[in-house]
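We have chain X already, so just place chain B on it with the hints.
Chain by chain, the residues:
2 protein chains.
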Amino acid sequence: MDRPPSDIEALIELMARLPGLGPRSARRAVLRMIKKRGQLLQPLSEAMVKVAATARECVNCGNVGTSELCAICADPRRETGEICVVEDVADLWAMERSQVFKGRYHVLGGTLSALDAVGPDELRIPRLVDRAKTEEAREVILALNATIDGQTTAHYIAGELEALGVRVTSLAQGVPIGGELDYLDDGTITAALNARKSL
Amino acid sequence: MDRPPSDIEALIELMARLPGLGPRSARRAVLRMIKKRGQLLQPLSEAMVKVAATARECVNCGNVGTSELCAICADPRRETGEICVVEDVADLWAMERSQVFKGRYHVLGGTLSALDAVGPDELRIPRLVDRAKTEEAREVILALNATIDGQTTAHYIAGELEALGVRVTSLAQGVPIGGELDYLDDGTITAALNARKSL
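Taken in sequence, the protein lines are chains X and B. The first sequence maps to residues 1 to 199 in the UniProt record's numbering. The second sequence maps to residues 1 to 199 in the UniProt record's numbering.
This is chain X alone, in the form it adopts within the complex (with noise of 0.2 Å):
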């Protein structure tokens, strides 16, 4: 049988890695790829260099950045004494996009899992205490996933917190915007529900 070149199959196999890429996926993007040689191929392969060469997260908050210090923790600006704990970039760059909230970020790197053995060590939580000590921090806003694990977390940080008289709060949970009813399950409707408001 004859495989394809083993430079291209050992692309197709750490491409294969990557979250939502297979391996037939990985083989169709690979394939693309050589095709579009100069459009693709060659501005991928400079970016990945110039990315695995500068990219590293931030000391302060665990964002990804290119220096020490990410360009949020940097800007004086953001310095507004609330702290938004996230589980990871991804979500970071999702509160960043609504423009809505001008303080720092705590990035986590995940949830508590007795599952996967994560405990708050490895979740930079010792250092958010830190923080929340040393920034004089009046408000610590938990922007946790709603899952189990997610609110588990929140717990936690909230006991941890609690001893430092900082103002603990999460996003409000109900009915997103734009939402139907009739395609909500009943979790997310009975916290609407519960957290209903008057007009």
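Any given hint could turn out to be false.
Simulated crosslink set (PhoX-like; lysine-lysine; CA at most 25 Å straight-line) [claimed, not checked]:
(1) B:36 - B:50
(2) X:50 - X:35
(3) B:50 - B:35
(4) B:36 - X:50
(5) X:36 - X:50
(6) B:133 - B:102
(7) B:35 - X:50
(8) X:50 - B:50
(9) X:102 - X:133
(10) X:35 - B:50
(11) B:50 - X:36
Simulated coverage check for chain X against chain B, where a stretch passes if three residues somewhere in it have a Cβ under 8 Å from a Cβ of chain B [said to hold, decoys possible]:
(12) 8-16
(13) 88-96
(14) 114-128
(15) 162-174
To be clear, the hints were calculated from the coordinates, so they are not data collected in a lab. C-beta atoms are modelled at their ideal positions from N, C-alpha and C, and glycine is treated no differently.
Only chain B this time, still in chain X's reference frame:
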């Protein structure tokens, strides 16, 4: 708003152009790469640089290889007088995985399509006719997808090869191995019934 650093953003944009990835999955893929720099980002960037430098189209059949002639066209044992015509390289790899075809291939690079203005000259069809002559092919096997465009292309190629006196065949259509009738579409059942064979 703080956006991802521009190098990372450029990488995300390029990744989002790959088939099967959108902006969201490209962001996830890039974050995973950065997280696993040693196991993923570094090897990926090296593999891409290598492939960008070495991968090229076989001048004879259109397969992807690392030299002017691909491994199959360069192998004299595969000069069997049979040419298997496929739409693209992924189909060639699929045929090779089945290990049943021992001859050579011809990669069209697509199908005829009036809508997308793809004519015979875009598809290496003239080159196929040349090859059928110069390689004194006994048989051209059309392994094109069972789509409208694939079948139109098959008919066109059969017409072009008619004058050469070469035998032109196509893959059988019918019930896939392991297939259950209840899950098959009407077209497949009709084709399988029409092509029924005595036991």
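Structure-based check of each hint:
Distance hint between residue 36 (chain B) and residue 50 (chain B) is fulfilled; the C-alpha atoms sit about 20 Å from each other, no more than 25 Å. In summary, the hint linking residue 50 (chain X) to residue 35 (chain X) is supported, as the alpha carbons are separated by about 23 Å, within the 25 Å threshold. Distance restraint check for residue 50 (chain B) and residue 35 (chain B): the Cα-Cα separation of roughly 23 Å lies within the 25 Å cut-off, and the hinted pair is therefore satisfied. Note on residue 36 (chain B) and residue 50 (chain X): the hinted pairing holds, with a Cα-Cα distance of about 15 Å set against a maximum of 25 Å.
This hinted pair checks out: residue 36 (chain X) and residue 50 (chain X) have alpha carbons roughly 20 Å apart, not beyond 25 Å. Of the pairs offered as hints, the one joining residue 133 (chain B) and residue 102 (chain B) holds, with about 19 Å between alpha carbons and a cut-off of 25 Å not exceeded. With a C-alpha separation of about 15 Å, the suggested pair residue 35 (chain B) and residue 50 (chain X) falls inside the 25 Å cut-off, and the hint holds. Distance restraint check for residue 50 (chain X) and residue 50 (chain B): the Cα-Cα separation of roughly 16 Å lies within the 25 Å cut-off, and the hinted pair is therefore satisfied.
Taken as a hint, the residue 102 (chain X) and residue 133 (chain X) pair is honoured in the structure, with Cα atoms around 19 Å apart against an allowance of 25 Å. A distance of roughly 15 Å separates the Cα atoms of residue 35 (chain X) and residue 50 (chain B); the hinted pair therefore holds under the 25 Å criterion. Under the criterion of a C-alpha separation no larger than 25 Å, the hint pairing residue 50 (chain B) with residue 36 (chain X) is consistent with the structure, at around 15 Å. A count of 5 residues in the region 8-16 of chain X with a Cβ less than 8 Å from any Cβ of chain B is obtained; the coverage claim is therefore met, three being the minimum.
With a cut-off of 8 Å between beta carbons, the region 88-96 of chain X has 5 residues touching chain B; three or more are needed, and the interface restraint holds. Coverage of the region 114-128 of chain X by chain B is violated in this model, with 0 residues showing a Cβ closer than 8 Å to a Cβ of that chain against a need of three. Only residues whose beta carbon comes within less than 8 Å of a beta carbon in chain B count, and the region 162-174 of chain X has 0; fewer than three means the coverage is violated.
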